[in-house]
Amino acid sequence: MRIRTLAVGLLAGGLLLTACGKEGTPAAPGGDASGANTAALPTYTVAQNVDLAGSPVFTKIKGAGTVTVGVKDDQPGLGQKDPTTGKFEGFDIEIARMVAAGLGIAPDKIKFTTVDSAAREQAIANGQVDYYVGTYTITDKRKAQVSFAGPYFQAGQDLLVRKDDTSITGPETLKGKKVCSVTGSTPIQRVRDQGLTEPSNIVEFQKYSQCVDKLLTKEVDALTTDDAILKGYAAQDKDNLKVVGKPFSQEPYGIGLNKDDKVLRTKIDDLLQASLDDGTWQKIYDATLGQSGATATKPTIQRY
Amino acid sequence: MDVLLDNLDLFGPFFLRTIELFLIAAVGSLVFGTILAMLRVSPVPVFRAVGTVYVTVVRNTPLTLVFAFFVFAYPLLEIVKIDYFTAAVVSLTVYTSAFICEVVRSGINTVPVGQAEAGRALGLTFGQILGEVVLPQALRSVVPPLISTLIALLKNSTIAGGFSVAEAGAIRQYISERGDNQLVALLWVALGFIILVAVLSFVQRSLEKRWSVAR
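Which chain is which? The protein sequence lines are G and A, in order.
Those letters in the first sequence? Residues 1 to 304, per the numbering used here, in order.
Those letters in the second sequence? Residues 1 to 215, per the numbering used here, in order.
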């Protein structure tokens, strides 16, 4: 028995290293027809003759004819790469497609590039991506390095626990519990700074999926990060996992842009506002994150 | 400078953790690596085989894989529960020992066979010959490669940052989330390592001077 668990563990470890973040990625919540609310993804009309005078990034996009969008590839329901087809899908991806259409870029001219959280500012500043849509929380400090259009989604820090665990009902019940999140992420820094649990009970890995593994093997008791991300994992494994449902922070997700490109920022803000007004935003939500059964409140665009 | 001063609460404890990790793993690897080297030169074929298999397997395994084993697979065996810091120390020791072993063995090869034969003629046991005659000379002649291996260990310790040990390798991710410039942070981390390596180089030079063998 032990030999077998060891073999499984080794295999998992090997996969984990070779697959780079693809470990344990199941079908996106939107993929399978689970229940009544199966909404189809909206289609976006590609705008014609878009011209943004004074926007260096847009000039570059127009010159190349393609747009490079930075995204995440391991967040179910938000930004995920289907391991079999290689296609990206999720809420963030659809927002990126919608914006590209508004900028006059046909769907087949969008190039998605996976950029990890820690490399976002650099990728935007270096021009490796034209804009970034990937659970990117708008903060004042980040505004010093990049600029943000949006927010296009309002998330909040929450907790993912095992379904049978009734002892964790919110952040104040974390004392003495092992809490896991991604190395150095804002949620885990908040847990540490506010002393929600003892420092020795804080566990940090490179990927959320590694925390989910440890949660299922009972080596940790809670995974903490934004509820949008947690809902994706809970939707995948409804029998074993649940989201506590008491968000204790405000995480407005924005589209990361070159710091000096105010023209493009205003344009994307307009596009987001239009999608909120004409129901496209709601359709996108219903077809992606909404599959988990949770509702979302529409964000209010902050122009600055 | 701001990036360093604003985040001293990160740089201080995280670098201390790195040093802690390094010191414990260094002592562990030196001891275990020397034992492995002794196995590899022992007259008993089984011991030699064990040493050879260990070195061959571990030297060919990437360190991240060793870490992943101790952090993700080992707990499934349900033998002894270890925390993540211990897992990091064990991983680093297991890995570095294989390299230390080969360095020590090459040192043993520098000691003329005649010395061991002379020891045997005097009636010394294998253990005595190794411990009193061969190893002291062997270690003296391999100070530079030994320190190089330890420097590699120091830098390898940054992998622990990805496996729930808050050490210097994790600083960049913290800084990035705090919104400070991570490139500047990386420069400070690099400077920290240069200082630590400078200390090791100093140790190397003084040991070389003190221990030089006249032949």
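By construction, these hints were calculated from the structure, which means they are not laboratory data.
Heads up, a few of these hints could be off.
[Unchecked claim] Some but not every residue of chain A turned toward chain G, in silico, with C-beta under 7 angstroms:
id, residue
1, Gly162
2, Gln173
3, Gly192
The beta carbon of each residue, even a glycine, is placed where N, CA and C say it ideally should be.
Structure-based check of each hint:
1. Gly162: 5 angstroms, holds
2. Gln173: Hint on A/Gln173: holds, closest Cβ of chain G at ~3 angstroms, below 7 angstroms.
3. Gly192: 17 angstroms, violated
Hint 3 from the earlier list is the only one contradicted by this structure; the remaining hints agree with it.
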